[in-house]
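K.L.:
From just these sequences and the hints, can you work out the full model?
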Amino acid sequence: MYLSVIVPILGTAEKLNKFFSGVLSQKLARSKFDLIVVDDGSTQSLEQTVNEFRLCFEAGQVIFIRHEKNQGRAKARNSGIEKAVGDVLLFVDVDNVPTPDAFGAILDWFSDDELKVVRGSVRCKTDTVTKSAYARFFDSRYLGARGLPSGPLPYRYFASDALAISRLALEKTGYFDEQFRVYGCEDEELGCRIKSLGIPFYFVSNSTFVDFDSPTLRREANRMFEYSCFSLPILLNKHPSYATQCIFPQLEYGKGLIARLKRRIFLLVLNRRIADGFIYLLNYFDSKAKKIPAMFYYYVIASFYVDGYKNRVVSKKT
Numbered sequence: 001m002y003l004s005v006i007v008p009i010l011g012t013a014e015k016l017n018k019f020f021s022g023v024l025s026q027k028l029a030r031s032k033f034d035l036i037v038v039d040d041g042s043t044q045s046l047e048q049t050v051n052e053f054r055l056c057f058e059a060g061q062v063i064f065i066r067h068e069k070n071q072g073r074a075k076a077r078n079s080g081i082e083k084a085v086g087d088v089l090l091f092v093d094v095d096n097v098p099t100p101d102a103f104g105a106i107l108d109w110f111s112d113d114e115l116k117v118v119r120g121s122v123r124c125k126t127d128t129v130t131k132s133a134y135a136r137f138f139d140s141r142y143l144g145a146r147g148l149p150s151g152p153l154p155y156r157y158f159a160s161d162a163l164a165i166s167r168l169a170l171e172k173t174g175y176f177d178e179q180f181r182v183y184g185c186e187d188e189e190l191g192c193r194i195k196s197l198g199i200p201f202y203f204v205s206n207s208t209f210v211d212f213d214s215p216t217l218r219r220e221a222n223r224m225f226e227y228s229c230f231s232l233p234i235l236l237n238k239h240p241s242y243a244t245q246c247i248f249p250q251l252e253y254g255k256g257l258i259a260r261l262k263r264r265i266f267l268l269v270l271n272r273r274i275a276d277g278f279i280y281l282l283n284y285f286d287s288k289a290k291k292i293p294a295m296f297y298y299y300v301i302a303s304f305y306v307d308g309y310k311n312r313v314v315s316k317k318t
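For the sequence shown, the UniProt record's numbering gives the first residue as 1, with consecutive numbering after it.
Source of the hints: derived by calculation from the structure; they are not laboratory data. For each residue, glycine too, the CB sits at the ideal point set by N, CA and C.
Straight-line distance between alpha carbons at most 30 Å, and here's what the computed DSBU-like set of lysine-lysine pairs gives:
1) LYS125 with LYS18
2) LYS172 with LYS32
3) LYS69 with LYS18
4) LYS69 with LYS238
5) LYS27 with LYS83
6) LYS116 with LYS238
7) LYS290 with LYS131
8) LYS238 with LYS83
With beta-carbon atoms standing in for the labels, derived distance ranges:
9) GLN48 with ASN70: 17 to 27 Å
10) LEU268 with SER111: 48 to 58 Å
11) GLU14 with SER287: 17 to 27 Å
12) SER196 with GLU114: 10 to 20 Å
13) TYR280 with GLU47: 38 to 48 Å
14) LEU148 with TYR284: 31 to 41 Å
15) TYR298 with LEU148: 12 to 22 Å
16) ILE258 with LEU24: 49 to 59 Å
17) TYR280 with ARG181: 28 to 38 Å
18) PRO293 with ASN206: 23 to 33 Å
19) GLN48 with LEU268: 46 to 56 Å
P.N.:
Below, the structure written as structure tokens:
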């Protein structure tokens, strides 16, 4: 079995070099995998950085693709897929640096002629978590933080980072939908198609990637607005049943007095203006190394999510 690792990046050479350091540490023989870097419109081309890294591999094992303009995660991953030759395709965000066993542990879960999807374990960098209450909250939502063993995984945990899929499975489902141009849902939409075919999904706890990014509450809140305003409507148009996994759309589709009452309460309680104030307050206490209950972070994220969905841009059904 041969692994193709697809890494989209919109960032800097420093970030890419950090990822490369993890690739070079892999215990999996370099003859067993290749790497496809997709530069999705970074301010400065990363080709020179990739060329230097190529010297550590055989010819053709490190491929560089450059989009002059940012085209979104779906398009970036699809560009990588088109160049991939592996029996298994692994999608990794560049911030998430693989530990030495990461690639090998993923590949061990696959065999010939098999339809399968697996997801590795991502965790925040230790010193980031120890310094920030928000980083601890952010890390707690990763599967690896929940102590899950390797094994079957419900599709509600489907996400495209540290995600590996057999080529046979991807050929049956098709690629990422390039309608998704901003943050979110391109992975969930693919997951809906994979799930509909009954393809099994597993968690690989010993395939670990370390998130070297520095998460912030403001960025997460803005992403949630973007997610529910622009991406979620496309997903729900294509897969209406996905609404059962989304709290506010369920309330909106509900009929009767109770549903209307719940909607009104949600809109009154989850207020973006209040949430904006909370962000400043929470960031202040975070800088003081104070312990902050997770409910406050959930409140902010939910408020931006609901505000985005209220202002959603509805796409044409495809």
